[in-house]
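Peer 1: Protein chains in written order, with this note's numbering: chain A, 1 to 121; chain B, 1 to 107.
Keep in mind that a hint or two might mislead.
Cross-link-like lysine-lysine pairs, in silico, BS3-like; alpha carbons within 27 Å at most [as the list claims (entries may be wrong)]:
1. A/Lys13 - B/Lys42
2. B/Lys45 - B/Lys107
3. A/Lys23 - B/Lys39
4. B/Lys45 - B/Lys103
5. B/Lys42 - A/Lys12
6. A/Lys13 - A/Lys23
7. B/Lys103 - A/Lys19
8. B/Lys107 - B/Lys39
9. B/Lys42 - A/Lys19
10. A/Lys74 - A/Lys23
11. A/Lys23 - A/Lys12
12. A/Lys12 - B/Lys103
13. A/Lys74 - A/Lys13
14. A/Lys23 - B/Lys45
15. B/Lys42 - B/Lys103
16. A/Lys19 - B/Lys107
17. B/Lys42 - A/Lys23
18. B/Lys42 - B/Lys107
19. B/Lys103 - B/Lys39
What the hints contain is simulated information worked out from the structure, not anything from laboratory work.
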Amino acid sequence: QVQLVQSGAEVKKPGSSVKVSCKASGATFNYYTISWVRQAPGLGLEWMGRIIPVLGTTDYAQTLQGRVTIIADKSTSTVYMELSTLRSEDTAVYYCARSIVDGAGFYFDYWGQGTLVTVSS
Amino acid sequence: DIQMTQSPSSLSASVGDRVTITCRASQDINIFLAWYQVKPGKPPKHLIYAASTLQSGVPSRFSGSGSGTDFTLTISSLQPEDVATYYCQKYNNALLTFGGGTKVEIK
Numbered sequence: 001q002v003q004l005v006q007s008g009a010e011v012k013k014p015g016s017s018v019k020v021s022c023k024a025s026g027a028t029f030n031y032y033t034i035s036w037v038r039q040a041p042g043l044g045l046e047w048m049g050r051i052i053p054v055l056g057t058t059d060y061a062q063t064l065q066g067r068v069t070i071i072a073d074k075s076t077s078t079v080y081m082e083l084s085t086l087r088s089e090d091t092a093v094y095y096c097a098r099s100i101v102d103g104a105g106f107y108f109d110y111w112g113q114g115t116l117v118t119v120s121s
Numbered sequence: 001d002i003q004m005t006q007s008p009s010s011l012s013a014s015v016g017d018r019v020t021i022t023c024r025a026s027q028d029i030n031i032f033l034a035w036y037q038v039k040p041g042k043p044p045k046h047l048i049y050a051a052s053t054l055q056s057g058v059p060s061r062f063s064g065s066g067s068g069t070d071f072t073l074t075i076s077s078l079q080p081e082d083v084a085t086y087y088c089q090k091y092n093n094a095l096l097t098f099g100g101g102t103k104v105e106i107k
């Protein structure tokens, strides 16, 4: 059984950065692809980006390119998502999710519990 | 970019009713479509992939169908625990997009 455990809630000032962690257990970490998906209050789901830990390669959503960075620490089976230059619109629950590759794309089977990030002055 | 449009945006039905949610892609995505259930305060739960394949452990009252541009998620007999918002997600390429969601309530 795959488990993804995320770090706790954060409150940040506009213009600052936030770093959220996602620790994986229950299966071979290196064989995962891990994505980050967020949901702003009252809005839908938005894919942010993904990492293939064994390769260290990343893909990011075009809308967040330049502001989001995803890295993996293979020694602790932990993936980190850092979002910079925060604005109020970045207030959301952030999820990590295991991505299953199917064809040229991927979907998400296991999810972390979510991390609320609040951006407020 | 391919847009994913869900309808209706919300619905209210009685326990035991058959419920159908539609997801339409602006271009052909073959069968590369997944469905998720989201309850307040909980992470999304994966229901279906490849348009019609049920994820292990998902109740059999859930089913998916479609290919190309038109897809449906059906709950054959709505249960109180099915109250949630449902999202489709296309994954025919690495430009992942979710639909806008359909909120399902009990009448």
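Peer 1: Now look at each hint and say whether the structure bears it out.
Peer 2: Status of each hint after checking the structure:
Straight-line distance between C-alpha atoms of A/Lys13 and B/Lys42 comes to about 26 Å, which keeps the hinted pair within the 27 Å bound. Taken as a hint, the B/Lys45 and B/Lys107 pair is honoured in the structure, with Cα atoms around 23 Å apart against an allowance of 27 Å. For the hint pairing A/Lys23 with B/Lys39, the CA-to-CA distance comes to about 23 Å; that is within 27 Å, so the pair holds. The hinted pair formed by B/Lys45 and B/Lys103 meets the criterion: a straight-line CA distance of about 15 Å does not exceed 27 Å.
Distance restraint check for B/Lys42 and A/Lys12: the Cα-Cα separation of roughly 23 Å lies within the 27 Å cut-off, and the hinted pair is therefore satisfied. Taking the CA atoms of A/Lys13 and A/Lys23, the gap is about 25 Å. The hint holds against a cut of 27 Å. Between the alpha carbons of B/Lys103 and A/Lys19 the distance comes to roughly 31 Å, so the proposed pair goes past 27 Å and is violated. With a C-alpha separation of about 17 Å, the suggested pairing of B/Lys107 with B/Lys39 holds against the 27 Å cut-off.
Distance hint between B/Lys42 and A/Lys19 is fulfilled; the C-alpha atoms sit about 21 Å from each other, no more than 27 Å. A distance of roughly 10 Å separates the Cα atoms of A/Lys74 and A/Lys23; the hinted pair therefore holds under the 27 Å criterion. The straight-line distance between the Cα atoms of A/Lys23 and A/Lys12 is roughly 22 Å, inside the 27 Å bound, and the hint therefore holds. Between the alpha carbons of A/Lys12 and B/Lys103 the distance comes to roughly 31 Å, so the proposed pair goes past 27 Å and is violated.
In summary, the hint linking A/Lys74 to A/Lys13 is not supported, as the alpha carbons are separated by about 30 Å, beyond the 27 Å threshold. Of the pairs offered as hints, the one joining A/Lys23 and B/Lys45 holds, with about 19 Å between alpha carbons and a cut-off of 27 Å not exceeded. About 15 Å separates the Cα atoms of B/Lys42 and B/Lys103, which keeps this hinted pair within 27 Å; it holds. The suggested pairing of A/Lys19 with B/Lys107 is violated, with an alpha-carbon distance near 42 Å, which exceeds 27 Å.
For the hint linking B/Lys42 to A/Lys23, the alpha-carbon distance of about 18 Å falls within 27 Å, and the restraint holds. About 22 Å separates the Cα atoms of B/Lys42 and B/Lys107, which keeps this hinted pair within 27 Å; it holds. In summary, the hint linking B/Lys103 to B/Lys39 is supported, as the alpha carbons are separated by about 10 Å, within the 27 Å threshold.
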